[in-house]
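Novice: Sequence:
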Amino acid sequence: MMVILKKSLGATTAFLLLSVYGSFNAGAEEPPFFQHGTGSLNVSQVAQYDSLAGEGGTEILAYDKEREQAFVTNGAESGLDILSFSEMTSDKFEQMELSKRIHVEDFGIEQVDDITSVSAHPNEDIIALSVVSDPKTNPGYIVFLSKDGDYISHVQVGALPDMVTFTPDGSKVLVANEGEPNEDYTEDPEGSISLIDISEGVSEDKEVPIHTLTFEENMLDEDVRVDSKGSVLQQLEPEYISVSEDSTTAYVALQENNAVATIDLNSETIETVKGLGLKDHSLPGNELDAKDNGEMEIENLPLLGFYMPDAIDTFTVNGQSYIITPNEGDARDYDGYSEEVEIKDLEDVQLNADYYEGYTQAELDQLVNNGLLEDMEGTEITAEHGKNDDGVYEALYSYGGRSFTIFNADTMERVYDSGSEIERITGEAMPEYFNTNNDEIEFDGRSDAKGPEPETTVTGEIGDKTYAFTALERFSAVMVYDITTPQETEFVTMISSRDFNEDVAGDVAPEGLSFINAEDSPTGRALLAATHEVSGTVAVYEFTEEIDEDTGSPGETKNYPFLDADNNHWAYPYIKDLYEKEIITGKTDTTFEPSANITRAQFAVMISETLGLSAETDNTGFKDAPEWAASAIQASFEAGITTGKADGTFDPNQPITREQIAAMLVRAFEYASEEEVAASEVIYKDEDNISDYAKTDVEKAHELGFMTGTDDGRFQPKSNSTRAQAAKVVSLLATEIE
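According to mature numbering (1 follows the signal peptide of the UniProt record, and there is no 0), the residues represented by the sequence shown are -28 to -1, 1 to 710, in order.
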């Protein structure tokens, strides 16, 4: 497990091993950078662009590999910003400057409001912008510019063009016309897809063929969500488009409808519109925290989540195409009509176990009798689903899956879903900011809504592996997973450059992602550009594979054996990290016993292995040290990390206490780094219980971020530690001294 904070000072890059909660100098050039993961990818932030426009200042980014420049929609200024990536290098952080800004009024089109999306032609000197009319229910426009930002022409498309993209071969422009209603719901245009043929080029005096595809009810399967206000076709709202590598098929996310449409680009027809089904949060693996109660409680609950993806992507493995969906969730919510309610707003709820695979009726009734509905009174759900003919709610339907999902593009069968991992991993990495909002630091604040909100997913190749990058809009981070074998998808790392010490600081609320292959990158390494809507910034992250020093090749991961500490266990990433580094072994070949107490001898061995210590003498100074641990205990003693007991014994089989762990961790860090750690000014409610010898070390352990106490402000110095807890702190130590 990796926990890294990197800060660049001017042209010289220094790696400061600090607590992830250390303060951020607002005058520094580089925002704080946090990485949490296995270490198979090395990540750093190499650049940032600040629009200086605040919220809405950056939304969608398109990259042009030929000119090494980016085009960024700026909603705050109703314009488009052009940025140069050409000076970007791996060895220093760059604060990017604006090259040019173009405003929507520069196009000479009357009654237009905003630019919603941008795409760059893969080869030609063309970019396409989707422009919304005022009012948004009127037909919108696609505006064509040169890559210098000069106007070429524009064409009219459907209402509210929300996304535009070129096909990979550059022959067509595809537009998702969302067709949202106005706020008072007196007008509701139908959603549609526009196909613009630019195979003969684009110029001011040349008309381009436009074919707008509309939906028909017989295209929809039974799982498409159309139980809201308006006609079926008015409810269909295309959100995002992803195109197959061969430019023959387009996949369209209809977010509010919980569906994906498939378009044959050769025949220019809508082939299918398939619903994505439901995520049953009563089942193991689908846990979530849906209560805003000031606690982190990731648990099974009687909720059925509509996946409702936003910005989807496609990729191909061995000839099979897959669709990957970030399951954000979105309600139809307007002044004149809203489906969104809280559970407390429902007049009659009688939950029926027939809707939930994880409960019997008796179990469900017991939960309700124990006050579950009162505990969940603020949880947001839809009022349009779950009612029987008598108006009684027998099931509760929520927005989003708090996950990403991989679907077989041909059958729309689910191949993989990240389950509850996103909430678990963010909670483990930064527990103080679990389910926080993107405009306010508020622990547990988004639990009763849509949690971290996976907004966008893109895929890309680094070395010989394929990765998925998923932006978490509320928490402000990017999750990275290895999807080389879709059925065996694995978490790799999480990155964030948000400053969590302030409500809005650093890079906040990732909205759009653009992956840049190493061969197209100005640094020669893979890049991920992330627009951050609330902070109005763009962050550029660089990725490299960790290299095995013996083979010169990317390191291989050992097969993880512990069945009792699998990827559903909170300590799995830490245990896996230490196992792969050969610092720990299990109790048996397949068990780790994470809940068992760890002894003083076992912890001394972990520290010795982590630091690579060797005893200078074969004779241990501790008469009770067992043979298997004697050398490690002696090496730790010689390094000044442990001192044993006053009577010359080590008491090796005694469970180690939290204050003893703090002392050994701090001494180990100071020994390895050859630096003395400054003690923080933390005050615990039970500080009087901390032994005098350990007081300073406890403060230093807090400063390092190794041990920060309990949620209620206590340190519990005399409490024993489990093997899982020990794995976490040693994993953090191992990362810091690498």
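Hints may be right or wrong, so weigh each one.
Lysine to aspartate or glutamate pairs mimicking EDC-like chemistry, simulated, CA-CA at most 16 Å apart [as the list claims (entries may be wrong)]: (1) LYS316 - ASP264; (2) LYS359 - ASP320; (3) LYS263 - ASP326; (4) LYS359 - ASP326; (5) LYS316 - GLU271.
Read the hints as simulated data drawn from the structure, not as lab findings.
Novice: Indicate, hint by hint, whether the structure satisfies it.
Specialist: Hint by hint, here is what the structure shows:
1. LYS316 - ASP264: holds (13 Å)
2. LYS359 - ASP320: With Cα atoms ~9 Å apart, LYS359 and ASP320 stay inside 16 Å; holds.
3. LYS263 - ASP326: violated (23 Å)
4. LYS359 - ASP326: With a Cα-Cα distance of about 13 Å, the restraint between LYS359 and ASP326 holds, given a limit of 16 Å.
5. LYS316 - GLU271: Judged against 16 Å, a Cα distance of about 20 Å means the pair is violated.
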